[in-house]
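A.B. asks: These are the residues of each chain, in order.
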Amino acid sequence: MSGLKKLISILSAAAIACSLATMTASAAESYDPYSYDRWGDAVASQAGYTADYFVDGTTIGCGAFNEPGDFFITEDNQFYIADKGNNRIVVTDLDFNLIEILTEFDYNGEKLELKAPAGVFVDKYTDNLYICDTDNSRVIKCDRDGNVDRLFEKPKSELYSQELTYNPQKVLVDKAGNVYVVVKSVTKGAVMYNADGDFLGFYGANRVEATAEVIMNAFWNTISTQAQREHSTKTTPIGFTNFDLDDDGFIYTVTDSQEIKTDAVKKLSPKGTNILETLGATDVVFGDIDPAYYSIYTKNSSLTDIDIGPNGEMNILDFAHGRVFQYDKLANLMFIVGGTGEQLGTFRNATSVESYDNHLYVLDSRKNSITVFTRTTFGEIVTEATNLYNDGYYEESYEPWCEVLKYDGNYRRAYIGIGNALFQREEYKEAMKYYKISISRARYSKAFEGYRNEFLEKYFSLLLVLVVLLIVLIVVYRKAKKRGVFDRKRAKRRM
Amino acid sequence: MLDLTKGQFVKHVLFHPFEGFEDLRWKKGGSMRIAVVVLCLLFVEQLAYDRMYGFQYSVVYDKVFNIVPYFFRSFILFLTFVVANWAMCTLFDGEGSMKNIFIDTAYSLIPFVASGLIATVLSHIFVEDEYIFISAIEIIGTAWTVVLFLSGMKAVHQFSFGKTLALLLLTVVAMIAILFLLILLLTLFQQVLIFIFSIYTELSYRLRV
Numbered sequence: 001m002s003g004l005k006k007l008i009s010i011l012s013a014a015a016i017a018c019s020l021a022t023m024t025a026s027a028a029e030s031y032d033p034y035s036y037d038r039w040g041d042a043v044a045s046q047a048g049y050t051a052d053y054f055v056d057g058t059t060i061g062c063g064a065f066n067e068p069g070d071f072f073i074t075e076d077n078q079f080y081i082a083d084k085g086n087n088r089i090v091v092t093d094l095d096f097n098l099i100e101i102l103t104e105f106d107y108n109g110e111k112l113e114l115k116a117p118a119g120v121f122v123d124k125y126t127d128n129l130y131i132c133d134t135d136n137s138r139v140i141k142c143d144r145d146g147n148v149d150r151l152f153e154k155p156k157s158e159l160y161s162q163e164l165t166y167n168p169q170k171v172l173v174d175k176a177g178n179v180y181v182v183v184k185s186v187t188k189g190a191v192m193y194n195a196d197g198d199f200l201g202f203y204g205a206n207r208v209e210a211t212a213e214v215i216m217n218a219f220w221n222t223i224s225t226q227a228q229r230e231h232s233t234k235t236t237p238i239g240f241t242n243f244d245l246d247d248d249g250f251i252y253t254v255t256d257s258q259e260i261k262t263d264a265v266k267k268l269s270p271k272g273t274n275i276l277e278t279l280g281a282t283d284v285v286f287g288d289i290d291p292a293y294y295s296i297y298t299k300n301s302s303l304t305d306i307d308i309g310p311n312g313e314m315n316i317l318d319f320a321h322g323r324v325f326q327y328d329k330l331a332n333l334m335f336i337v338g339g340t341g342e343q344l345g346t347f348r349n350a351t352s353v354e355s356y357d358n359h360l361y362v363l364d365s366r367k368n369s370i371t372v373f374t375r376t377t378f379g380e381i382v383t384e385a386t387n388l389y390n391d392g393y394y395e396e397s398y399e400p401w402c403e404v405l406k407y408d409g410n411y412r413r414a415y416i417g418i419g420n421a422l423f424q425r426e427e428y429k430e431a432m433k434y435y436k437i438s439i440s441r442a443r444y445s446k447a448f449e450g451y452r453n454e455f456l457e458k459y460f461s462l463l464l465v466l467v468v469l470l471i472v473l474i475v476v477y478r479k480a481k482k483r484g485v486f487d488r489k490r491a492k493r494r495m
Numbered sequence: 001m002l003d004l005t006k007g008q009f010v011k012h013v014l015f016h017p018f019e020g021f022e023d024l025r026w027k028k029g030g031s032m033r034i035a036v037v038v039l040c041l042l043f044v045e046q047l048a049y050d051r052m053y054g055f056q057y058s059v060v061y062d063k064v065f066n067i068v069p070y071f072f073r074s075f076i077l078f079l080t081f082v083v084a085n086w087a088m089c090t091l092f093d094g095e096g097s098m099k100n101i102f103i104d105t106a107y108s109l110i111p112f113v114a115s116g117l118i119a120t121v122l123s124h125i126f127v128e129d130e131y132i133f134i135s136a137i138e139i140i141g142t143a144w145t146v147v148l149f150l151s152g153m154k155a156v157h158q159f160s161f162g163k164t165l166a167l168l169l170l171t172v173v174a175m176i177a178i179l180f181l182l183i184l185l186l187t188l189f190q191q192v193l194i195f196i197f198s199i200y201t202e203l204s205y206r207l208r209v
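Which chain is which? The protein sequence lines are A and B, in order.
By our numbering, the letter at position 94 of the first sequence is numbered 94, and the numbering carries on one by one without gaps.
By our numbering, the letter at position 195 of the second sequence is numbered 195, and the numbering carries on one by one without gaps.
If you're looking for bench data, these hints aren't it; they were derived computationally from the structure.
One should not assume that every hint holds.
[Claimed, not checked] Using 30 Å as the maximum straight-line C-alpha spacing, the simulated DSSO-like pairs for lysine-lysine come out as follows:
#	chain 1	residue 1	chain 2	residue 2
1	A	K479	B	K6
2	B	K11	A	K482
3	A	K299	B	K63
4	A	K481	B	K27
5	B	K6	A	K482
6	B	K27	A	K482
7	A	K433	B	K63
8	B	K63	A	K406
9	B	K63	A	K261
10	A	K329	A	K436
11	B	K11	A	K481
12	A	K481	B	K28
[As the list claims (entries may be wrong)] A few chain A residues that don't get close to chain B, going by computed Cβ distances all over 12 Å:
#	residue
13	D32
14	N108
15	G109
16	V148
17	A176
18	M192
19	V208
20	G272
21	T282
22	F319
23	Q343
24	R348
25	G392
26	E426
27	I474
Just so it is clear, the structure is predicted and the values come from calculations on it, not from any experiment.
Glycine included, every Cβ here is placed at the ideal spot set by N, Cα and C.
Excised from the complex, chain A in its bound form (with noise of 0.2 Å):
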């Protein structure tokens, strides 16, 4: 065997195998895990989460579920699922063994029950049950037995209009035991309260898109009379959809919307401005990029729930795609995960997702069941990896960020927090590499003025010497041809 061919047979065989690797790294989901690159093209990936096992309301043991709503896990690890069709609140522990069932709540005496209820929250600081009592226009608040505390019904107020139905959607509370409740009829942002039930206002508004026509209604407004103006057409924003609440208490909102990607998510600030601005994500897009194409119509992401995970990365789940797209807590997309479909890992009519530790949970109320999705140890990597990095630990990140090279060649964060811990390390024509690769315009050109001072430092003496010799080849060049040292008649008389 020729060492010509040798080689060839090596390589061929290096090729086979490293198909065949990919091939089985990826066949374990049900769907292409993919992520997106520098220029927003989607780019395979590999899998951050793997989904586990699903539950319904059967193995749980309470009954099929019908349409469940909204789901909670409390800070002494229970679920709380809003069962909405069957008017009913379920609640297990984190293995879906069954607690108990709430119908009926006990407001003074009183009985009540819970008509369509589409939202649940668990308050941290009290421990006090909230829920979403849709069709009956209240929110409940009681203890974790049942006994009713307060309800929340429609403010009577001048600010609430009072034609405007009160259809509760998702309720949360924050530390200073301020209400908010997301109400579907209004778009002003969430209704809120304080803690004695009295109505406060509205909080978190998103803002209208500059479009075209807002455009053009802002400019006949200026210039039509007050009566015209009554009758034309009001802009309002898109009102948001759901929010949640992260560890230092702060508010994050999503919008379901497929034309707008305005105030797509938000981290509110207290007095309701967008903080994920000030981070420098303002071109972040949401969900996916680009919409998927169908033969006869496209569909674009739509946002229906947010989840602050342990780390302060944003879980936000797409009802259109069935994804659940996670992001860090600077809008760095982590991972895509899930799908549409029938199998294990995609859904039809997901609606809510939630995470513990290293799992994520989404509510299906199509499908009536919860998947559980665990971190592959891919995720693990690129979730210590990101959590290294964000703290300001670059050194401590290159290994894993290596690691996760070795999984994924297409992770662009990678290369980034390489870079940096090559950067500080001063090495900085590595760091310009991996700069290049992944594209970071900014960063190369701090890596290169880097460079370009040790290049300087390290040949200053030597370029001097070089500049002075050229000055004085060219004087001497000047003066000889002046004298007529090239001149060819010259020369030849002097012979």
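Position chain B against the provided structure of chain A, taking the given hints into account.
C.D. replies: Just chain B, lined up with the frame of chain A:
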């Protein structure tokens, strides 16, 4: 006076923007060969400026590469200009021949091409904060070219300044017309080719049966 070689004339024109082209005209000092070289360099400059610029300034979508836009921006645009300008100016008593318009336009592009190439080289030496040096070079080069171009057009046709401007405007209109017709021609030829090809396929199927 002014017995310069063709190569020396390039330098003379560049550094005497106002009487340089007049001298070039009277002495017939323009060289077609140099003009073609400049045109080729323009193509190189367009390519280099777009694809080889320092990474700290510009990031290029490098998944696809198409040479046609660069070809268009240099050769096709230049030649269309020369033809359109000649066509319009001849109608208005311009004295320039096609060859002289070609040479003058090419000569006036030299500072632009040079500044583009120098900027591309410098973009690999400077960092992001020092961009002002590069942009200064680019602006000087472009402005220089504009001055040379106007004076070149004025000299080659022996026009007044106002008439030069007016005819440049007309030239642009003529260029658009020419390009439109070219595209039309191209699509029509495509149709003809498709027609011939379909006849060929039809016949070959028939013969096979």
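A.B. asks: Hint by hint, where does the structure go against what was stated? Just the numbers, ascending.
C.D. replies: none
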